[in-house]
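Given chain A's structure and the hints, the job is docking chains B and C onto it.
Residue numbers (this note's numbering), protein chains in the order written: chain A, 1297 to 1693; chain B, 76 to 212; chain C, -19 to 196.
Because the hints were derived from the structure by calculation, they are not lab data. For every residue, glycine included, the Cβ atom is placed at its ideal position computed from N, Cα and C.
Heads up, simulated DSS-like pairs for lysine-lysine below, C-alpha to C-alpha not over 30 Å straight-line: (1) C/18 <-> A/1500; (2) C/88 <-> B/210; (3) C/88 <-> B/211; (4) A/1500 <-> C/23; (5) A/1489 <-> C/23; (6) A/1600 <-> B/194; (7) C/88 <-> B/112; (8) C/18 <-> A/1489; (9) B/194 <-> B/93; (10) A/1502 <-> C/18; (11) A/1370 <-> A/1343; (12) C/18 <-> C/39; (13) A/1502 <-> C/110; (14) C/187 <-> C/40; (15) B/211 <-> C/187; (16) A/1367 <-> A/1404; (17) B/211 <-> C/144; (18) B/133 <-> B/93; (19) A/1383 <-> A/1404; (20) B/111 <-> A/1600; (21) B/179 <-> C/110; (22) A/1615 <-> A/1570; (23) A/1502 <-> C/40; (24) C/39 <-> C/131; (25) C/120 <-> C/187; (26) A/1615 <-> A/1571; (27) A/1502 <-> C/23.
Sample of chain B residues facing chain C (criterion: CB under 10 Å; computed from the structure): (28) 172; (29) 175; (30) 177; (31) 178; (32) 179; (33) 180; (34) 183; (35) 184; (36) 185; (37) 189; (38) 191; (39) 193.
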Amino acid sequence: MPKDDESNFFQMLSNKPSGQGTIKDANQRLIALLDAAVDALVVIDGKGNIEIFNSAAQKMFGYSKREVFGKNIKMLMPDTFSIEHDKYLASYLTSGEEKIIDKGRKVKGKKSNGEEFPIFLSVGEVKNSSDIQFVGIIRDISEQEQDRIDARESRERLSHASRLSSMGELAAGIAHEMNQPLSAISSYAQASKRLLQSDTQDNKLKVVAALDKICDQAIRASEVIHRLRTFVKKRVAQRESVDLNALIYETVNLAKVDTRILDHEVLLKLCHNKKPILIADPIQIQQVLLNLIRNGIDAMEHHKGAPLLIHSQWLSNIKIEVSVIDFGLGIDQKTSSGIFNPFFTTKETGMGMGLSVSQTIIHAHGGNIYFSPSNHSGCTFSFSLPATFIRQEDMEK
Amino acid sequence: MILLLNLLMLSKIKAIEKPIVYIVDNDHKLLCSLSKKLVQHGVIVEVFSSAEEFLNTKLRSRAACLIIEVNLPNMGGIELLEHINNLGVRLPTFILSSSSDISKAVRAMQAEAIDFIEKPFIENTLIEKVLGVIKKL
Amino acid sequence: MQNNKTKHVSSSPVVHVVDDDEAVLDSVGMLLDSIGLKNTCYKDAQGFLDSYSGTEFDKKNGCILLDIRMPFMSGIECQYRLEQMGCRMPIIFVTGHGDVPTAVEAMKNGAAEFIQKPFREQLLIDAIQKALQVNIEDQKRLEKINQTLEKLASLTNRESQILKAIVSGKANKVIAIELHLSQRTIEIHRAHVMDKMQVKSLAELVKVVIDASTIH
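In isolation and in its complexed conformation, chain A is listed as follows:
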């Protein structure tokens, strides 16, 4: 309520001819007006004690008028804010410096049940009264805040997904770029074979030229792979502090996009006492974990009830290991030797870039990726990374 109307209002009240009612009536009219307001209205004195608390405020904070009258406004604020409030009040009263007066601010309120919620608060000084009084108008912005958070979260999810898919596109692009030099090599070789069938000097020279070109194309193909490694390393430069447990939870949620994961229970056993913290590119670590999860699910395509386990354990004080354990068919000797090679795949679909890219990422982070057959049927894929830890006790201090 802007100050002008306020003063007019009080004037209006005080100017009422006495024949039309007593001060008590005026008071009741004021209360009725305040109670009709949609926003919460709170009036406090110079010390911060509550003098007026309209019904919107009562509803918002969960207190009756009686419970708050005479008490300090701090009871409506979370502790962190209440300290600030004393400071503001004190500084305003001494210096006249406005930190919150006349401006609106997003702060937090505290309900009678202890629940904190976001509010928009604007405060005005009641200038004409003989005592110092402040009027606060409070709006509950929980809904808007939630909408903002939801919007930001879905934006982040989207950009997350697109960053992950860009690595997939990268793999597709690499495959295409490899096809060109390989095709040229094949054609040059075949042409050379035919040319050699008629053993002329001219043809011999052509074959030599073709062989040179074959070498060039081979180098070109290797450069394509080289560029993948460089791309990955460049991204590794975007390192930050990563809470590994939280990342794992997030990745499992992301994996739910692949609905087959719903056919399997995902059981997590992570280190909570010593929380692992990585210095890494979270997107890339997620890419690796997602790859292993998908592989585990694929391996269990025909074992619908089987669970997928994700475990983490400390190998040393500075190395954390994450394992993805499936109960599928397992890996045989023949398959195992080529498993980290690019384009290696036993699946009908898929290009076989996943594990190769994963290996590149883990190595770039100074870790290792490996697999071992489990003592049950199935396979355990693990990667280890350098990490530091925060003890649970340290966190709670």
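Relative to chain A, chains B and C alone:
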């Protein structure tokens, strides 16, 4: 007796009036789902889980459309299409494929298939296409 | 535009290779040379379209090897343009970038073949030979149709009328009644028609007329 025979003939004639769609696929769930939807549109559906089973059946005169899956137990779907082409049979054919194989797709189109559709696919879109083809006959 | 010159014989077929990758273009050119197939190479689709001239290219036997993923104009777009221009040369797509929907679309739009890189050379050579064969037969058919159209144009109005009636299976007697002419007159016209159309039987006449009408 004659009345009964007449009635039987009448019902047979009525059945013959409806167009027939043949589906050759060993995915049982898909066969059921597609059949149900097609039958709702007044089409008779006959299903087969192998190429051999289909080849052992006599083609009816109201045969209107054929849907074949590439990956079948013995003779493959595209071989089947090529085979019936050689026999001189001309049926509008849709090929479904559970694996994305370009060379199979190309072979299918060279064998005059109307379309080559990768699985998973939106069933209603296929149904619409099939009905469209039947209407043209 | 590179020109791989082998012996230029007007009847020898020409393979037109369109690919934006220099190494692929060069190596395919070399391969075709080693088989003795005359070829011309283009680095982009627009370059090929600019060089394409229906009168020149269609006179010779030929086919087109077309990449899909090219800058500025894709292979699919190029195929579409060629169809618009009335080009009847068979198109063989040769691409390092392929997925089923693209392949199906290319085939639906009339491609002769769709080959993925890297390819077995025999596959490409077989596809080219087949395409050239189909092209020759197509050209022969077209030639015959043109001749038929010329012959049809040489008929008089009356003869055309009678041709129509004959082809729809009407007997001379019936035609005579419909056209208010004597049967004898009909027989004479009929003989002229058969003569000008250079056919020996009614069945042959019907066949050439139907063939000619399929072109439109």
